[in-house]
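Visitor: These are the residues of each chain, in order.
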Amino acid sequence: MTELTALTIKAALAGLEKGDFTSRELAKAHIDAMDKAKNLNAFIVETPDLALKQADESDKRRAAGNAGLLEGIPLGIKDLFCTNGVQTTAASHILEGFIPQYESTVTAKLFADGALMLGKTNLDEFAMGSSNTTSYFGNVTNPWKNKNKPEAQLVPGGSSGGSAAAVAANLVMGATGTDTGGSIRQPAAFCGISGIKPTYGRCSRWGIVAFASSLDQAGTFARTVEDNALLLRSMSGHDPKDSTSAKKDVPDFAKALTGDIRGMTIGIPKEYRVDGMPAEIERLWQQGIEWIHAAGAKTIEVSLPHTKYALATYYVIAPAEASSNLARYDGVRYGLRVPSDNLRETYEKTRAQGFGDEVKRRIMIGTYVLSAGYYDAYYIKAQKVRRLIVNDFMSAFDKCDALLTPTAPSAAFAIGENEEDPIKMYLNDVFTVPASLAGLPGMSVPAGLDAASLPLGLQIIGRPWDEETVFKVAGVIESLAQFTHRPA
Amino acid sequence: MSLDKATVKKVASLARLAMDDEELERMAPQVSGIIDWIEQLGEVNTDNVEPLSSVVDISLPLREDKVNDGGCVEKILANAPESTQGYFVVSKIVE
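So the protein sequences, as listed, match chains A and B. Here the first sequence is numbered in this note's numbering, starting from 1 and rising by one per residue. Here the second sequence is numbered in this note's numbering, starting from 1 and rising by one per residue.
Okay, chain B solo, but in the shape it has when bound (with noise of 0.2 Å):
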């Protein structure tokens, strides 16, 4: 297993998961043996090959720099699990 236990909880913590540790016992095999399949592509000669993050052959469009949206914050706090006068509530985080 490439993966150990203490590398999977690491990666959960990175990624925001709360993880018990019954919970890390079951996932790391799991994450490690993807990990592991995914090796393959070391077979792959890749010598002078330009990575490809997208196949849509147009440049990023640009448009003018002027507020085109906006004045919605009902709608933007209306899912809000906990909002008050216009802003989203969170717990303290400065002491």
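For reference, chain A alone in the conformation it holds in the complex (with noise of 0.2 Å):
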């Protein structure tokens, strides 16, 4: 029998079905593994005993008939989800000790279902990064090593690092991360793993730690396309606790997974190749052209003019939201309180020692863009183009079902490159970030190792509630692309 560690959740929940194993043993066998991956740093807080607990309760409800969706399936969670008596900290300082007194839509819906939490993940403090070096906890190490370079630490990318590395080095069966601006889909492409974003208002923000709020969406992480399906199920659905939660049916997103996308058209965004792009990037990119028309389905050039200036929209409306979300944290009401003899210097203290770099700079950024005389020039400018950047999807789309684009423009580089220049670590996040300003579902398939032996990802990205067509399309890269490569 296959490692229990190496199972899919699908295999996993035949498994349990079965009898061939318990959930309790399915939980033991990941907490062995976390306890020999320590290295990686992946987990902020690790939590065996409510996993074994979770899993006993799991095992007496299947064996009364009442087995959930995801009945006994051991998952991380994203430390940006507030988990109800279980420290939450969006891998801030500010945050630290933070016990929250409710549980997140999201989180409480895979419990309802019948998940398991193993522990809370390590990200980008306030999910504010793309490599997971911006983390009060300490980096995540990527499992995947540079074979060229092999005592290099590789970063997992950002911000969901922590996630991605988990469920790469089978110490969890999948896993829940958000996506502001590529925080699933660039790790997912790092870590060689399988990784969606939903469309803006599929699953409830509530009770996730707030970043930018018109960006932030939740999604998944596992090892096969599939897995992401039956999570995604899961976690979707309106929730009247967010206003921006849509009240759409959920279908079953795994259904869609029937191979077939013979008379489909899938666009190539031609901004996407952009100036020096890696040779072999282009390459995988062309190979996923062809397994797309292998498949019976037909590819056209299509044209997203506002492309090259997504990313700088993106780094007003994100810092301007952050700057104002991130304004409740002022030492009073919970998080970290450093005294002082009147309140502003309370605040001020508060949030210098609280906060990391990063933070500080888009807070920056942010109080920037939005004082006075600055609004229109910067922010409403900003909100303009964000206009044109949807409607260019919106034209593509009406030629097209479904584009095909690279995940990230490199792959995994070593912790400590690209530090040296915030905007040098924004790139990583080129081709994810314009479809995150649209809202758009978006998923990250492994499809390929460079000459370093590392993963790199195909994305697809669908019309906006959609995310049927962005499984099926990704399904079959999937099936074509045959990556069975595994970190070492």
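Worth flagging that the hints you see were computed from the coordinates, not collected in a lab. All values derive from a computational prediction rather than experimental measurement. Please note that a few of the clues may not be correct.
What the hints assert, rightly or not - With a straight-line cut-off of 30 Å between C-alpha atoms, the simulated BS3-like cross-links for lysine-lysine are: (1) B:K75 <-> B:K92; (2) B:K66 <-> A:K248; (3) A:K247 <-> B:K66; (4) A:K18 <-> A:K53; (5) A:K247 <-> A:K10; (6) A:K241 <-> B:K75; (7) A:K38 <-> A:K147; (8) A:K241 <-> A:K255; (9) A:K349 <-> B:K5; (10) A:K145 <-> A:K424; (11) A:K298 <-> A:K308; (12) A:K349 <-> B:K75; (13) B:K10 <-> A:K424; (14) B:K9 <-> A:K349; (15) A:K298 <-> A:K399; (16) B:K66 <-> A:K241; (17) A:K149 <-> A:K38; (18) A:K298 <-> A:K255; (19) A:K28 <-> A:K60; (20) A:K53 <-> A:K241; (21) B:K10 <-> A:K349; (22) B:K92 <-> A:K349; (23) A:K60 <-> A:K18; (24) A:K424 <-> B:K5; (25) A:K424 <-> B:K9; (26) A:K38 <-> A:K28; (27) B:K75 <-> A:K53.
Unchecked claim - Computed spacing ranges between beta-carbons, pair by pair: (28) A:D56 <-> B:G33: 48 to 58 Å; (29) B:A80 <-> A:M277: 47 to 57 Å; (30) A:P240 <-> B:V73: 17 to 27 Å.
Here a beta-carbon is modelled for each residue, glycine too, at the ideal position from N, C-alpha and C.
Hints are included, so try docking the two chains, each in its own frame, into the full complex.
Guide: Below, the structure is given as structure tokens:
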């Protein structure tokens, strides 16, 4: 029998149902794996006792014939989701020791379907980063190694780096993530796994520590496209507690995985051929186009003319929303307080000591672009360009059913690289940010290895609310890519 | 550099972030560099384009105006750095 930790969620559900193993055994196998992989620093808090307790309850439910959709499946939860009674930090010193007194809607739904929580996964502080190097609780190490520089510790991508690393290293069967500008898709690509950011509004944001509210969206990581479909179905749905969550029926996403994309048209956005893109990413993209043809669909070139302005637009809107969202960390109601003689100094010192550099930079950018005299020039301007970016996508979708692009402009890089210039780090999200600004569903699937034996991903972007087409196309790429490589 | 140290200092103050001179020296060129990079948006013609604040095409839902939550003072105060008798405690602000 395959090692329990190497199973897919689908296979584990079948094994549990057949009685090949119990949820407790499955949980224990993962807890043992976590013990051996502490060097990855994928978790901020591990919750083995909670997982075993949940596993025992799960085994009882299954025995009683009340198994849920994810009954007995052990997961990692990004430490941005508030979990009742379990420390939630957003990887920030300012929230160290914060114990939520409530459960986020997404985690509540997963638990209601029988899932277990193995721990809270590490991330960039307040989900701001593309390398998981801004966490107050230390860097996460990618389980993959560059074969030419085996001694180098690589980043897992970010911000959901701990979730991606934990799934890639078989420490969890799947994980939650959040994606504001690429924080699921880019780490999925860097870690050789699949991950989806659904349409904005598909999952409730209630109980997720807010970064940029018009962009933040929960999503999933798993080792197969189908496992992502199972997780996303559980997490999705309308929630009256989030006014931007949509009143839409949640399809059984896994049913979309028919493998049949005949007659579809996949758009290839010409503006995504950026200067300096490595030739092997260009080649992989071409290979993806050939797979689409082999599966009986056609591709057409489409134009998204405002693509080159997406990152700058994002770096106005996201920091603006962040500076406003993060105003709540004042040392009064929860989190860190650095005491002082007067209230203003308490605020200033608390926030100075509580936030790291990248978070401070973004708060400053956001404060500046929202300040009197600059609001129209920067913030309103960015909102206008955002509309043009959305319009670009909508025109493209008049001609095609989905888009195929690379997920990231490089493979995983070494910890410490790209740190000298914040903008250089921001460029990691050049292919993921536009879909975020437009609220579109996007999925990364591992599609090949580069010359250094590191995984590369392809991204499928769909129309709003059409995750089913995204899954369908991703499933075809997955089956034709035959990506069976695993980190050593 | 479009933002000088004095401007960055003012922004830090608006954002309630204490910053000493050394940190301002380090932060000012970074923040300024990002703002300079953002300036590229000026190239885009946005005449007659409505700003987009949300991609969700729904009006904000309304509900009946009645209390639907509450009675959980202990939970609200559970993470307070300092509290007493059902209140958050802060430094004295009125002499």
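Visitor: Now tell me, hint by hint, if it's right for this structure.
Guide: Outcome of the hint check:
Taking the CA atoms of K75 (chain B) and K92 (chain B), the gap is near 24 Å; set against the 30 Å cutoff, the hint holds. For the hint linking K66 (chain B) to K248 (chain A), the alpha-carbon distance of about 26 Å falls within 30 Å, and the restraint holds. For the hint linking K247 (chain A) to K66 (chain B), the alpha-carbon distance of about 22 Å falls within 30 Å, and the restraint holds. In summary, the hint linking K18 (chain A) to K53 (chain A) is supported, as the alpha carbons are separated by about 21 Å, within the 30 Å threshold.
For the proposed pair K247 (chain A) and K10 (chain A), the alpha carbon gap of about 28 Å is at most 30 Å, so the pair holds. Annotation: proposed proximity of K241 (chain A) to K75 (chain B) holds, straight-line Cα distance about 18 Å (limit 30 Å). Of the pairs offered as hints, the one joining K38 (chain A) and K147 (chain A) holds, with about 22 Å between alpha carbons and a cut-off of 30 Å not exceeded. Among the hinted pairs, K241 (chain A) with K255 (chain A) is consistent with the structure: their alpha-carbon atoms are about 29 Å apart, no more than 30 Å.
As the CA atoms of K349 (chain A) and K5 (chain B) are separated by approximately 20 Å, the hinted pair is consistent with the 30 Å bound. Taking the CA atoms of K145 (chain A) and K424 (chain A), the gap is near 22 Å; set against the 30 Å cutoff, the hint holds. Restraint check: the Cα-Cα separation between K298 (chain A) and K308 (chain A) comes to about 26 Å, which is no more than 30 Å; the hinted pair holds. The suggested pairing of K349 (chain A) with K75 (chain B) holds, with an alpha-carbon distance near 26 Å, which does not exceed 30 Å.
For the hint linking K10 (chain B) to K424 (chain A), the alpha-carbon distance of about 26 Å falls within 30 Å, and the restraint holds. A distance of roughly 15 Å separates the Cα atoms of K9 (chain B) and K349 (chain A); the hinted pair therefore holds under the 30 Å criterion. Annotation: proposed proximity of K298 (chain A) to K399 (chain A) holds, straight-line Cα distance about 11 Å (limit 30 Å). With a C-alpha separation of about 15 Å, the suggested pairing of K66 (chain B) with K241 (chain A) holds against the 30 Å cut-off.
Proposed proximity of K149 (chain A) and K38 (chain A) is supported: the alpha carbons are some 22 Å apart, at most 30 Å. A C-alpha spacing of about 23 Å is found between K298 (chain A) and K255 (chain A), which places the hinted pair at or below 30 Å, so the restraint holds. A distance of roughly 17 Å separates the Cα atoms of K28 (chain A) and K60 (chain A); the hinted pair therefore holds under the 30 Å criterion. Restraint check for K53 (chain A) and K241 (chain A): satisfied, since their Cα atoms lie roughly 29 Å apart, inside the 30 Å limit.
With a C-alpha separation of about 16 Å, the suggested pair K10 (chain B) and K349 (chain A) falls inside the 30 Å cut-off, and the hint holds. With a CA separation close to 16 Å, the supplied pair K92 (chain B) and K349 (chain A) stays within the 30 Å bound. Proximity of K60 (chain A) to K18 (chain A) is assessed by CA-CA distance (about 15 Å); at most 30 Å being required, the pair is judged to hold. For the hint linking K424 (chain A) to K5 (chain B), the alpha-carbon distance of about 23 Å falls within 30 Å, and the restraint holds.
The hinted pair formed by K424 (chain A) and K9 (chain B) meets the criterion: a straight-line CA distance of about 25 Å does not exceed 30 Å. Distance restraint check for K38 (chain A) and K28 (chain A): the Cα-Cα separation of roughly 16 Å lies within the 30 Å cut-off, and the hinted pair is therefore satisfied. A distance of roughly 24 Å separates the Cα atoms of K75 (chain B) and K53 (chain A); the hinted pair therefore holds under the 30 Å criterion. A C-beta distance of roughly 54 Å is found between D56 (chain A) and G33 (chain B), which places it inside the suggested range of 48 to 58 Å.
As the Cβ distance of A80 (chain B) to M277 (chain A) is approximately 50 Å, the hint placing it in 47 to 57 Å holds. At about 24 Å, the CB distance of P240 (chain A) to V73 (chain B) agrees with the hint of 17 to 27 Å.
Comparing the model with each numbered hint stated earlier shows that all of them hold.
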